[in-house]
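K.L.:
Each chain, written out:
2 protein chains.
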Amino acid sequence: MPDDNKLLYYFKKWSDITDKDEPVILSSFESASVKKKKDLLVAGDTCKYIYFITKGCLRSFYIDSKGVEHIYQIRMDNNWISDLESFFTQKPSKYNIEAIEDTQMLRISFERMEQLYTEVPKLERYFRILFQKAYINALKRLNATMWETAMDRYNNMLKEHPDMFQRVPLAYIASYLGITPESLSRIRKRR
Amino acid sequence: MPDDNKLLYYFKKWSDITDKDEPVILSSFESASVKKKKDLLVAGDTCKYIYFITKGCLRSFYIDSKGVEHIYQIRMDNNWISDLESFFTQKPSKYNIEAIEDTQMLRISFERMEQLYTEVPKLERYFRILFQKAYINALKRLNATMWETAMDRYNNMLKEHPDMFQRVPLAYIASYLGITPESLSRIRKRR
Chain A
39 MPDDNKLLYY
49 FKKWSDITDK
59 DEPVILSSFE
69 SASVKKKKDL
79 LVAGDTCKYI
89 YFITKGCLRS
99 FYIDSKGVEH
109 IYQIRMDNNW
119 ISDLESFFTQ
129 KPSKYNIEAI
139 EDTQMLRISF
149 ERMEQLYTEV
159 PKLERYFRIL
169 FQKAYINALK
179 RLNATMWETA
189 MDRYNNMLKE
199 HPDMFQRVPL
209 AYIASYLGIT
219 PESLSRIRKR
229 R
Chain B
39 MPDDNKLLYY
49 FKKWSDITDK
59 DEPVILSSFE
69 SASVKKKKDL
79 LVAGDTCKYI
89 YFITKGCLRS
99 FYIDSKGVEH
109 IYQIRMDNNW
119 ISDLESFFTQ
129 KPSKYNIEAI
139 EDTQMLRISF
149 ERMEQLYTEV
159 PKLERYFRIL
169 FQKAYINALK
179 RLNATMWETA
189 MDRYNNMLKE
199 HPDMFQRVPL
209 AYIASYLGIT
219 PESLSRIRKR
229 R
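Just so you know, the protein sequences line up as chains A and B, in that order.
Each residue of the first sequence is one higher than the one before, counting from 39 in the numbering used here.
Each residue of the second sequence is one higher than the one before, counting from 39 in the numbering used here.
Read the hints as simulated data drawn from the structure, not as lab findings.
A hint or two may mislead.
Where chain A lies over chain B, by a calculated footprint (3+ residues, C-beta under 8 angstroms) [what the hints assert, rightly or not]:
(1) 65-76
(2) 87-97
(3) 121-135
(4) 172-178
(5) 218-229
Yeah, the Cβ is synthetic: ideal placement off N, Cα and C, and Gly gets one too.
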């Protein structure tokens with residue numbers, strides 16, 4: 039499926055956009071790409087875009103005062119990535135976004151996004167449902183981090199995102215799960 | 039401010055609803071109340087409503103297999119509470135919601151909510167912004183839980199929600215922060 043059609047396919051799943059809306063939407067997005075291991079966002083910069091990933095894989099991470107990286111998001115094909123706090127406030131980000139694979143995206147700027155909501159109000163519904171689901175998932179992850187064992191979190195990730203284990207280095211998955219790579223190795227041997 | 043006006047005030051902050059929309063919105067909500075220490079939702083039941091709290095304070099919690107309570111949400115006046123996963127899927131909830139104070143609310147059922155989105159599509163914008171903010175906050179809490187010290191999380195809560203310390207028992211705040219009541223006492227003495 040061409041990238042433009044992919045984007046429209048997902049918008050149409052949750053909102054009743056019309057044929058007339060399609061060119062308006064598509065003209066608001068532009069193609070972007072980032073090579074493996076290159077940055078899409080560097081902490082301190084403002085996140086100017088939200089990105090719809092048409093093919094590829096990226097990670098968002100935070101570097102603490104000791105220089106340790108903490109991964110808080112890993113995103114692949116047909117998903118969105120951004121630092122939403124920085125994007126919606128247009129203030130500097132605390133996070134980095136880096137490509138794990140060569141990645142193709144469609145991106146939209148903050149100004150264009152606000153304009154698009156005015157031109158195609160039906161997109162509010164799509165993003166309402168998107169953020170609603172994202173919020174529920176974030177709460178589930180928060181609860182899992184606070185109350186579940188590392189083994190449970192690993193098993194859950196294996197069940198829900200088996201593809202990640204094919205495409206993402208185990209050290210990154212360990213960081214995302216909030217455990218050391220050594221603990222992750224032990225868990226994988228024990229299964 | 040009467041409860042109905044409060045609800046409209048918040049809707050109008052983020053969406054351009056008209057005078058014509060107001061009676062439609064208000065007729066979709068009904069008043070509800072719950073006494074201190076009484077349940078609004080019990081794990082195993084389906085969460086039928088989302089609630090706008092006009093006055094009061096509630097907590098959402100999970101009881102683990104050892105019978106230990108874990109609080110994941112504390113909500114007060116002019117905020118929403120629900121188990122959104124159960125509400126939007128209309129499947130049984132894993133969580134409990136209980137009143138910390140006598141609480142007044144306006145509630146809307148799942149069916150009425152879906153109908154209201156059709157009748158007043160402009161509300162999609164309000165809830166898009168609400169869930170967007172909630173998602174950003176959930177990610178911040180997730181990151182704080184994974185990477186910050188209990189002291190940092192306590193100081194942050196004191197800064198952002200000073201009112202909670204007036205109205206919520208410390209044992210509940212400790213559970214919300216993912217620490218023992220003893221650790222919270224030590225942190226409070228150390229400041």
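K.L.:
Now, for every hint given, state plainly whether the structure supports it.
P.N.:
So, going through the hints one by one against the coordinates:
Closer than 8 angstroms: that is the beta-carbon criterion, and the stretch 65-76 of chain B has 0 residues meeting it against chain A, so the requirement of 3 is violated. Coverage of the stretch 87-97 of chain B by chain A is violated in this model, with 0 residues showing a Cβ closer than 8 angstroms to a Cβ of that chain against a need of three. Taking a C-beta to C-beta cut-off of 8 angstroms, the stretch 121-135 of chain B contributes 3 residues in contact with chain A, enough for the three needed, and the coverage statement holds. Against chain A, the stretch 172-178 of chain B contributes 6 residues with a C-beta closer than 8 angstroms to a partner C-beta. That satisfies the three-residue criterion, and the hint holds.
Here's how the stretch 218-229 of chain B fares: 0 of its residues keep a CB closer than 8 angstroms to some CB of chain A, so the rule of at least three is not met and the hint is violated.
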